[in-house]
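Q: Residue-level listing of the chains:
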Amino acid sequence: MARAATTQRKIVVTTAAWIVGLLIFFPILWTILTSFKTEGDAIAFPPSLFPPHWTLENYFEVQSRSDYFRHFVNSVVISIGSTVLALLIAVPAAWAMAFSPTPKTRDIMMWMLSTKMMPAVGVLVPIYLIFRTLGLLDNVWGLMVILMLMNLPIVVWMLYTYFKEIPVDILEAARMDGATLGKELVYVLVPMAVPGIASTMLLNVILAWNEAFWTLNLTAARAAPLTAFIASYSSPEGLFWAKLSAASTLAIAPILVLGWISQKQLVRGLTFGAVK
Amino acid sequence: MGSIQLQHVNKSFGTHAVIPDASLEIKDGEFVVFVGPSGCGKSTLLRLIAGLEDTTSGQILLDGQDMTAAAPAKRQLAMVFQSYALYPHMTVAQNIGFPLKMAGMDKAAIDAKVKEAAGVLNLTSYLDRRPRNLSGGQRQRVAIGRAIVREPKAFLFDEPLSNLDAALRVNMRLEISELHHQLKTTMVYVTHDQVEAMTMADRIVVLNAGNIEQFGTPMELYRTPANRFVAGFIGSPKMNFVDGAEAAKHGAFAIGVRPEHMAVNKDSGLWRGTVGVAEHLGSDTFLHVNVDGLGLMTVRAEGEKQLHHGDVVWLTPDPSRIYRFDKDGQALAAA
Amino acid sequence: MATRQTKALARAMMAPSIIVLFVWMIVPLVLTLWFSFQRYNLNYPERSGFVWFRNYYFFLTDPAFLQAIGNTLILVVGVLVITVVGGILLALLLDQPIWGQGIVRLLVIAPFFVMPTVSALVWKNMMMHPQYGIFAWISKTLGLPTVAWLTDYPLASVIIITAWEWLPFAALILLTALQSLDEDQKEASEMDGANFVNRFIYIILPHLARAITVVILIETIFLLSVFAEIYVTTQGGPGYSSTNLPFLVYVQALLNYDVGGASAGGMVAVVLANIVAIFLIRIVGRNLDA
Ligand SMILES: Nc1ncnc2c1ncn2[C@@H]1O[C@H](COP(=O)(O)OP(=O)(O)OP(=O)(O)O)[C@@H](O)[C@H]1O
Ligand SMILES: [Mg+2]
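Protein chains in written order, with the numbering used here: chain A, 19 to 294; chain B, 2 to 336; chain C, 2 to 291.
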């Protein structure tokens, strides 16, 4: 009796969860499916879920029209580059905050986060002008630095929450064992924090990959990552939906796959220590 | 070589003086135990010696050299932590070899040393495991192994056994004592367990609220406690204290008698009382006796003595073993 | 762990982060402040000079400004409400035993990985398009009049799109928090005869408090600067009906080439963001840490 009730309940809950899940996922699913349709089928009314005639045509056209691969490489370089830069600066800072806290540590953390609340537009003009002076416009290095700065507060915070879970004893043991600070970081802290560092890197890559303010405003042709690539499809109104879908699919697929593979870890990291 | 000297060491966190003013001389090769109640500053004192905290004022000398400002790595001391503090991402062998690697020793030499230490500590078959796959006792031995390989000037232990179960604790206690006999290296050992202190130490430092109450051999502390705090802290069960008129009879503000220094008689004696709880341990029986006019006292009786709740008994302290204290708790010379 | 040496080291290790962030904040800010007092239009380089607060006067008295502030707040609060409430419901649902939970999780988290430009494009064209969009098709199928979402309900549309992007984040963080709730505690409360509502109010919600705090803090940081979603879909219009502060400044600077005016707008945005930041950190930050 009770068993039947729970099975019944499980069926109901499962159905509800799948419906909700599919609804949330639908826009993405729809985009992916549309990318395999012909332009005609893409705007057919009533719409058909699965392409009546599967085609890869759109993908080829997108590549030839706007050189997906160059943008892809830019995206990879920028997001990984900015992540590495951010980690190099953030690991020491997070170490200091986690293991040598002072009464001011919390305020510093919050100040860092508050810089992230500062609207980018507030500083767009000078940055634009400075970049123009330095010749950094439309340059991957410039963008890397900007995105590093954008995400640094979040990276420091996330690392800090991970480091705080590491018992101080172990670092002290390393110190007693004759490790200098550098060795303490390289041989003890970083290896112990690998899961945390990995999910921090991942988040940073995702944020950098998807960042669409600076990448749109500071790049033109050469250094433009996928955000700019996709934005170029926003002007021709409608009717190129299959190609738009193909471009969209191409732009999100790498990060979607990466995110899916690592979602458990990523989500745990995103709780910022709020969940033990 | 490993003598340790503290000269007027003061440690304050903000305005709170955890160690007001400590001076201490630990000789080379000595096994010194710090005991005291929780929060009295034992760990702090040990960490000051280790260099993990720095002194607010005063000097710390190692082998006569002023090391007050030296980094922990420079002091050539080894520490065993209560939590063991093993490196979870390294194997047992890597854990033990870590200090040698940090010292820049070559791989072959490290391997040899690690093997040797593992042999001494019965860890040979676990060298490739990670700490999480070891039992508490084994982890403890790895931590000790990591400490001994680099042949430090002195070992520092911070409550190393408190995470082990009772039986293992006794075993490890013996092993550490044995190790001390073999290595003859200075050891400083923090515990709040006075049995550990009494059984292991060459000399004991009794700490109370950051002050060194007494520093002496276990028997000195037992026989001639410097004050009421030490008298009460050393010895198990605790010493019984009596003040007021009964103490005045002995010309003191308070007197103390250890449970083992009182005779129990059913018919006659000095103090009359009623047995409360009787703890029969087999070898001994501890009686908690409610003495008329003096309050609760603990007495040790023979193990097989048949006394029960509610029985009336008479207690007679051994007159030569009555400790006398003045108003400030300082011990008075034997009458 | 707290010797003078380690403390000095700690300061040295924090220095790079603090310095770069400080420079990143202060240099452009000072420049922005400077520009904001200048007459400075890229279209008319010959007109220049110090104009004191004129840029501010124009910016602040521009009706678009108040509207943009209102829109910014509506956007932030709207998305927060939808994602937190929706996230809690979704988390409660996914916390039940279901078949294929792993796959549902993947479906739910997916929007978080989609770049804002793409989600905006997809929603604009394929979901909300008045003729060929899915919503239009649903309306027609049901025999209802179709809605031109982006022109008739521009701000609501932007909120929907943004909420869709952030709902997964909230839901999965809250789900993780929910799953960390002690089984014992749940069972104990069931034994105590608490019904679901009571359990939710007295056990679950307090347990989620810290996670909700994190969600609000992180989302606010990002929602204050929503840009791509507007840029791609409504371009702030019609009129200023879906213009938020970042977008307004963008329009001033890069479309009207009015650097002085844009800088004044930027300063206002910074000041407002700082007010929100202080407010948020006071109220919400207390819940963190410790
Ligand atoms: N970093 C610190 N900041 C402020 N106070 C501290 C700090 N470390 C220790 N204390 C205080 O110093 C006192 C002594 O602490 P300590 O750890 O030395 O005690 P302990 O004798 O080792 O106690 P236990 O037996 O519980 O380990 C305590 O009151 C503690 O609260
Ligand atoms: Mg301690």
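Rather than coming from a laboratory, the hints here were simulated on the basis of the structure.
No experiment lies behind these values; they were computed from the predicted model shown.
Any given hint could turn out to be false.
Using 25 angstroms as the maximum straight-line C-alpha spacing, the simulated DSS-like pairs for lysine-lysine come out as follows [unchecked claim]: (1) B:Lys75 <-> C:Lys141; (2) C:Lys141 <-> A:Lys182; (3) A:Lys201 <-> C:Lys8; (4) A:Lys201 <-> B:Lys108; (5) A:Lys122 <-> C:Lys141.
Pairwise CB distance ranges (calculated) [unchecked claim]: (6) B:Asp329 <-> C:Glu184: 28 to 38 angstroms; (7) A:Val95 <-> B:Pro21: 18 to 28 angstroms; (8) C:Ile139 <-> A:His71: 54 to 64 angstroms; (9) B:Ala167 <-> A:Leu276: 46 to 56 angstroms; (10) A:Leu106 <-> B:Asn134: 43 to 53 angstroms; (11) B:Asp22 <-> A:Leu106: 29 to 39 angstroms; (12) C:Val148 <-> A:Ile29: 31 to 41 angstroms; (13) A:Ala216 <-> C:Val148: 37 to 47 angstroms.
Ideal Cβ positions, reconstructed from N, Cα and C, are used throughout, including at glycine.
Q: Now look at each hint and say whether the structure bears it out.
A: Hints, verified against the model:
1. For the hint pairing B:Lys75 with C:Lys141, the CA-to-CA distance comes to about 80 angstroms; that exceeds 25 angstroms, so the pair is violated.
2. The suggested pairing of C:Lys141 with A:Lys182 is violated, with an alpha-carbon distance near 56 angstroms, which exceeds 25 angstroms.
3. Restraint check: the Cα-Cα separation between A:Lys201 and C:Lys8 comes to about 17 angstroms, which is no more than 25 angstroms; the hinted pair holds.
4. Under the criterion of a C-alpha separation no larger than 25 angstroms, the hint pairing A:Lys201 with B:Lys108 is consistent with the structure, at around 17 angstroms.
5. The suggested pairing of A:Lys122 with C:Lys141 is violated, with an alpha-carbon distance near 60 angstroms, which exceeds 25 angstroms.
6. Between B:Asp329 and C:Glu184 the beta carbons are some 56 angstroms apart, a value that contradicts the proposed interval 28 to 38 angstroms.
7. Checked against the hint of 18 to 28 angstroms, the pair A:Val95 and B:Pro21 fails, with Cβ atoms roughly 60 angstroms apart.
8. For C:Ile139 and A:His71, the hinted distance range of 54 to 64 angstroms is not satisfied, since their beta carbons lie about 25 angstroms from each other.
9. Hint check: B:Ala167 to A:Leu276, Cβ distance near 51 angstroms, so the stated range 46 to 56 angstroms holds.
10. About 34 angstroms separates the C-beta atoms of A:Leu106 and B:Asn134, a value inconsistent with the hinted range of 43 to 53 angstroms.
11. Between B:Asp22 and A:Leu106 the Cβ separation comes to about 45 angstroms, which falls outside the hinted range of 29 to 39 angstroms.
12. As the Cβ distance of C:Val148 to A:Ile29 is approximately 35 angstroms, the hint placing it in 31 to 41 angstroms holds.
13. At roughly 44 angstroms, the beta carbons of A:Ala216 and C:Val148 sit within the given window of 37 to 47 angstroms.
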